[in-house]
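Residue numbers (the working numbering), protein chains in the order written: chain A, 1 to 125; chain B, 1 to 125; chain C, 1 to 125; chain D, 1 to 125.
A hint or two may mislead.
Since copy identity is lost for identical chains, a pair holds within one copy or between any two.
Claimed, not checked - The list that follows gives simulated cross-link-like pairs (lysine to aspartate or glutamate, DMTMM-like), each with its CA atoms no further than 25 Å apart:
(1) K79 to D54
(2) K79 to E53
(3) K79 to D125
(4) K79 to E47
(5) K79 to D89
Treat the hints as calculated values from the structure; they're not laboratory data.
Number of protein chains: 4
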Amino acid sequence: MSVPIGHTTWAIAEGYIPEYSHGPEPEMESHETVCILNTASEPAHVEITCYFEDRDPAGPYRITVDARRTVHLRFNELKEPEPIPRATDYASIIESNIPVVVQHSRLDSRQSENALMTAIPFGTD
Amino acid sequence: MSVPIGHTTWAIAEGYIPEYSHGPEPEMESHETVCILNTASEPAHVEITCYFEDRDPAGPYRITVDARRTVHLRFNELKEPEPIPRATDYASIIESNIPVVVQHSRLDSRQSENALMTAIPFGTD
Amino acid sequence: MSVPIGHTTWAIAEGYIPEYSHGPEPEMESHETVCILNTASEPAHVEITCYFEDRDPAGPYRITVDARRTVHLRFNELKEPEPIPRATDYASIIESNIPVVVQHSRLDSRQSENALMTAIPFGTD
Amino acid sequence: MSVPIGHTTWAIAEGYIPEYSHGPEPEMESHETVCILNTASEPAHVEITCYFEDRDPAGPYRITVDARRTVHLRFNELKEPEPIPRATDYASIIESNIPVVVQHSRLDSRQSENALMTAIPFGTD
């Protein structure tokens, strides 16, 4: 397959980066991840905007997903134009110039054993 | 983005507020959350109705999500017209006057390490 | 709301009832649950069929979800026409005479702390 | 039911096989599973392609899901044309000659208590 599949806009209403962690880094560091799959034969140019409860949105955060590649991006690592605050509720919109498939997951290791969750966001065009 | 995206009606069939918790409150208190994202340039007026196994529905619970904001609402905190009983199976319908994106999650800390789950509910218009 | 919403057919490809548990029963017993929400003003008559890897399907299991009620049914408790075997991979189809909303979840307490997962199944009509 | 339901193409953007495990094998071995349900009266011929961050895709991995059967396939066990590397981010596309229903889940037992997550992938035709 080298045709683009998915949607050009995805929305993740749940977002929260736990403030602390147990276990060896980086794999056991508490994190929120957005996984993006680009099945097309051209790069996908992606912009992420983060929404909060009591301030204006942050972003856009820009990343490129190469042709026939996946990127698993930790929200923890976003730096430009500003880092995402820890222990703060947020939500995010992912927009791409071509259809991509997005999945959201979190590893929470605040307590001594880790917890996981995942969902396919809401997608539209 | 400042156009509304999502659906005006969302349904969460799973609902259960664990009766007890381990760890520091509020972040490790067992809770059920409905996350609502409003990407529009006007406020979203939202009504939540809760369904049970053996009694009539409760609600509506009314909240406002401001323009370009997200609200992560714990069902634990709903008080008017009545609190949601603990350790009781329920389901919920979220209705909005404009399209919003909804996600459901639970943190269960009844045992000494927390567990997480999340899903995008069923959406329709 | 008293109109039916959802789908008349739902498919859960993941199914597995863990064989053992830690913690007080019934709330910490390992279990698989199908949550069904009926927002209509009439009862929903539901049939569940379970599929396996190496034998013919089991069922139908019949349940009624009253008007404006939810049922959270543990697969563990299905008895007629036959119980679902433990520690066995299965999948299920949920069919209803009117649209309902379905969600699937599992609590796994085989190890000393419980784990949770949930998903909205695939829905169609 | 013996008609095919679902989609012929599914995309799982999240993929990661944890590198180590706690607890008795095989049930507590860390694993990623793709669950496929074929409700049709004929076999489904399925091909899986795995995408990575920095190399070309692997596959196709070929499996058959018999009529009215489910297969819960661990990515850990894929061998031909090559095994999936551990502790490596990947994504996958599942394509079938007839509609099937797909669900993705992970059991992570790297720490001493297991964590679970599940989602219905993005489906299209």
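Honestly, which of those hints from before does the structure not fit?
Those not satisfied come down to hint 3.
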